[in-house]
Amino acid sequence: MSVVYRRYIPLVVAFVTGAIMILEYYISENYKVVIDAADVLKTWRIILSTVVFIGVINLFRVHGRHISRRRPGQWYYSAWLLFLIIFYAICGLVMGVQSDTYVRWFVNAVTVPLGATMYASLCFYMAAGAYRVLRARSLETFLLLGAAFLVIMGNTPLFPYLWPGFATIRNWIFDVIVTGGMRAIRIGVGLGATATGLKTVLGLETGYLGRRR
Amino acid sequence: MTVKEERETIWDKMENVPRWVLLTLVVISMAIPILHPIGLPILVGQPARDAYNAVEETPDGSYVVFHINYGAGGKPTLQPAAVAISHHLFRKNVKIIYFCGGVVDLANIKEIFEECKPEERYGKEYGKDYVVLLLTGDFNTQASIVLSHLLATVPKDAFENKLVDLPMFQGYKETESIGLVVQLTTSGDVSEGWVAMAYSMYNRRLVGGWLSMMTSSMIPYYQARQMLGYIDGSKGAADYELLVGEPGDAVAITDILSLSQLVYLAFIVIGNIALIGKKYYGGGK
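Protein sequences appear in the order of chains A and B. Quick note on the working numbering: the first sequence kicks off at 1 and runs consecutively. Quick note on the working numbering: the second sequence kicks off at 1 and runs consecutively.
Treat the hints with care, since some could be wrong.
The calculated label-pair distances, taken between Cβ atoms and stated as ranges, are [stated by the list, open to error]:
no., chain 1, residue 1, chain 2, residue 2, range
1, A, L143, B, F159, 27 to 37 Å
2, B, L151, A, V16, 20 to 30 Å
3, B, N203, A, Y31, 28 to 38 Å
4, A, L198, B, I28, 50 to 60 Å
5, A, V110, B, N203, 38 to 48 Å
6, B, E114, A, A184, 25 to 35 Å
Below 30 Å or equal to it, Euclidean Cα-Cα: the simulated DSSO-like pairs (lysine-lysine) are [said to hold, decoys possible]:
no., chain 1, residue 1, chain 2, residue 2
7, B, K13, B, K92
8, B, K162, B, K128
9, B, K110, B, K13
10, B, K124, A, K32
11, A, K32, B, K110
12, B, K173, B, K128
13, A, K42, B, K173
14, B, K162, B, K173
15, A, K199, A, K32
16, B, K156, B, K124
17, B, K162, B, K92
18, B, K156, A, K32
19, B, K128, B, K110
20, B, K117, A, K42
21, B, K162, B, K117
22, A, K42, B, K92
23, B, K117, B, K173
24, A, K199, A, K42
Keep in mind the hints are simulated off the structure, nothing from the lab. Note that the structure is a prediction, hence the values are computed from the model and not measured. Every residue gets a Cβ at the ideal spot worked out from N, C-alpha and C, and that includes glycine.
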C-alpha cells in the first residue's frame with residue numbers, strides 16, 4: 001500500500017496534471033472538458049501560493065536556533081529579522097496593506113529607500129569592476145574590452161547624439177553577436193525544459209518524489 | 001641585508017588608482033546633473049519608437065493591459081517609462097487595465113496617476129476609462145486571468161469596487177477586447193513570461209520595458225516581432241518621454257548616465273594606458 005501511496009499515486013497525479021496542461025495548448029475549444037480542467041488547475045495554483053507560510057516557518061526555525069544558541073555575530077540580526085517579520089505582519093493586519101498609512105510609513109519610507117540604496121550601490125561596484133577587469137591583457141580580453149567599450153559608448157546617451165554610428169555599432173553587436181548567442185542558449189534551455197517536463201509527466205523523472213527507500 | 005624597494009612609477013599609479021578616488025568621481029559625476037541639470041542631447045532609439053508606434057496603432061475602444069512589476073530598485077528606471085506610456089494611453093480612446101501583484105506596485109500605480117492627472121488633464125474617469133487590479137498568485141496565473149478570465153475570476157478591483165459594476169467592463173469580451181499588453185518589469189521571468197502568455201498563448205500585441213541589463217536576453221523576442229517594441233532602461237524611458245512630449249525624470253537621468261559613464265570610460269582608458277605603459281616602459285611593481 002505504501003508503494004502505491006508514495007509512488008504510484010503521485011506519478012498518476014503528475015501525469016494527469018501535466019497532460020491536461022499540455023493538451024490545452026494543442027486542442028480546439030470543442031474539447032471543453034480539457035479546457036475547463038486546465039482552468040481549474042490554474043485556479044488551484046493560487047491556493048498553492050499559501051506555501052509562503054512554509055517559508056516563514058522555516059525562517060523562524062533557522063533564525064530561532066541562532067537566537068537560542070546566541071550564535072556570535074549572528075543572533076542579534078536574526079532577532080531583528082524575526083521582530084520585523086512579526087511587526088510588519090501585525091501592522092499589515094491591523095492597518096491593511098493598502099491603507100495610506102501603511103503605504104506611506106512602511107512602503108514609501110522604509111522598503112523603497114532600502115531597496116533603492118541596495119540597488120544604487122551596484123553602480124559603484126560596476127565602476128570599480130570595470131576599471132580593474134576591462135584590460136587588454138590578451139587577444140580575448142582585447143575583444144571583450146572592445147565590445148564593452150563600444151556598447152558603453154552606444155548606451156551613453158551623449159555619444160550616439162554626437163555620432164549616430166555609435167548607436168549603429170552597439171545595435172549591430174546586440175542584434176548579431178548577442179542575439180546569436182542568446183538564441184542558442186534559449187533553444188538549449190527550451191529543449192532541456194521540454195525534455196525534463198516530458199520525463200516528469202511520463203514518470204521517468206522522479207526526483208520530486210524524494211529519495212527512494 | 002636590506003631589500004631595496006622598487007620605485008612606484010606613473011604606470012603603477014595609473015593602474016592602481018585608489019577605489020575612493022574612482023567612487024568619489026562617480027558620485028561627483030552624478031551629483032552635478034542633479035544639482036544643475038545640463039540637458040545633454042538625446043538621439044531617440046528605434047525600440048522606443050517602435051513601442052510608441054505600437055501604442056499609437058492600438059485600435060480605438062480596445063483595452064490595454066498594463067502590468068506594473070517593479071520594486072524600489074527598478075523604480076527610478078521604470079517609473080518614468082510608466083508615466084510616459086500612461087500619458088500616451090490617456091490621450092487615446094482606449095481603456096486601461098493596470099494590474100500589479102503587490103502593495104509596492106500599487107503605490108507606484110497611484111504615483112503614476114498623481115503625475116499624469118488623468119481626470120484633470122485628459123478627462124478620463126476611474127472605472128469608466130481605467131481601472132487598477134491587485135492580483136495575488138504567481139505570474140502565469142495572474143497573466144492568464146487578466147488575459148482570458150478576468151470577470152469570472154476577479155470580483156473586485158484594488159479599491160474594492162465590483163468589476164462587473166464598472167462601466168468600462170460593460171461589453172468586455174475578455175481576450176478579444178485586449179488590443180495591447182504593456183509590461184514594465186525588473187523580472188526576467190515575468191518579461192519572458194509575457195511573451196509566452198500574451199504573444200504565444202493569446203496572440204495579443206505586446207510591448208515591454210525592463211532594466212538595460214535585461215536587454216540582451218530579451219532582444220531575440222523583439223527581433224522576431226513577438227514583442228513590438230521595448231523600453232530599454234532609463235535611456236528608453238527618456239526616448240519615450242521625448243516622443244510623447246513630456247520630458248520628465250528619465251530625461252534628467254540621462255544627464256547622469258552620460259556623465260557617470262564618461263567617468264567609467266575614462267577609467268577604463270586609464271587602466272589600459274597603464275597596462276600598455278608598463279609593458280613597454282616597465283613598472284616598478
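Taking the hints in turn, this is what the structure says about them:
In this structure the supplied range 27 to 37 Å is violated for A/L143 paired with B/F159, their Cβ-Cβ distance being about 55 Å. Separated by about 29 Å at the C-beta atoms, B/L151 and A/V16 satisfy the suggested range of 20 to 30 Å. Between B/N203 and A/Y31 the CB atoms are about 19 Å apart, so this pair departs from the stated range of 28 to 38 Å. A beta carbon spacing of about 56 Å between A/L198 and B/I28 agrees with the range 50 to 60 Å that was offered as a hint.
For A/V110 and B/N203, the Cβ-Cβ distance of about 42 Å falls inside the hinted range of 38 to 48 Å, so the restraint holds. For B/E114 paired with A/A184, a C-beta distance near 45 Å fails the hint of 25 to 35 Å. With a CA separation close to 58 Å, the supplied pair B/K13 and B/K92 exceeds the 30 Å bound. The hinted pair formed by B/K162 and B/K128 meets the criterion: a straight-line CA distance of about 13 Å does not exceed 30 Å.
Pair hint B/K110 plus B/K13 does not hold up; C-alpha atoms about 51 Å apart against a cutoff of 30 Å. Taking the CA atoms of B/K124 and A/K32, the gap is near 39 Å; set against the 30 Å cutoff, the hint is violated. Taken as a hint, the A/K32 and B/K110 pair is broken in the structure, with Cα atoms around 40 Å apart against an allowance of 30 Å. With a C-alpha separation of about 16 Å, the suggested pairing of B/K173 with B/K128 holds against the 30 Å cut-off.
Taking the CA atoms of A/K42 and B/K173, the gap is about 20 Å. The hint holds against a cut of 30 Å. Taking the CA atoms of B/K162 and B/K173, the gap is about 17 Å. The hint holds against a cut of 30 Å. Between the alpha carbons of A/K199 and A/K32 the distance comes to roughly 27 Å, so the proposed pair stays at or under 30 Å and holds. Annotation: proposed proximity of B/K156 to B/K124 holds, straight-line Cα distance about 20 Å (limit 30 Å).
A distance of roughly 25 Å separates the Cα atoms of B/K162 and B/K92; the hinted pair therefore holds under the 30 Å criterion. Using a Cα cut-off of 30 Å, the hinted pair B/K156 and A/K32 holds, with the two alpha carbons roughly 27 Å apart. For a cut-off of 30 Å, the pair hint linking B/K128 to B/K110 stands: about 17 Å separates their Cα positions. In summary, the hint linking B/K117 to A/K42 is not supported, as the alpha carbons are separated by about 36 Å, beyond the 30 Å threshold.
Restraint check for B/K162 and B/K117: satisfied, since their Cα atoms lie roughly 23 Å apart, inside the 30 Å limit. Of the supplied pair hints, the one linking A/K42 and B/K92 is violated, its CA atoms being roughly 34 Å apart against a limit of 30 Å. Note on B/K117 and B/K173: the hinted pairing holds, with a Cα-Cα distance of about 28 Å set against a maximum of 30 Å. Note on A/K199 and A/K42: the hinted pairing holds, with a Cα-Cα distance of about 21 Å set against a maximum of 30 Å.
Hint compliance for this structure: hints 1, 3, 6, 7, 9, 10, 11, 20, 22 are broken, all remaining hints hold.
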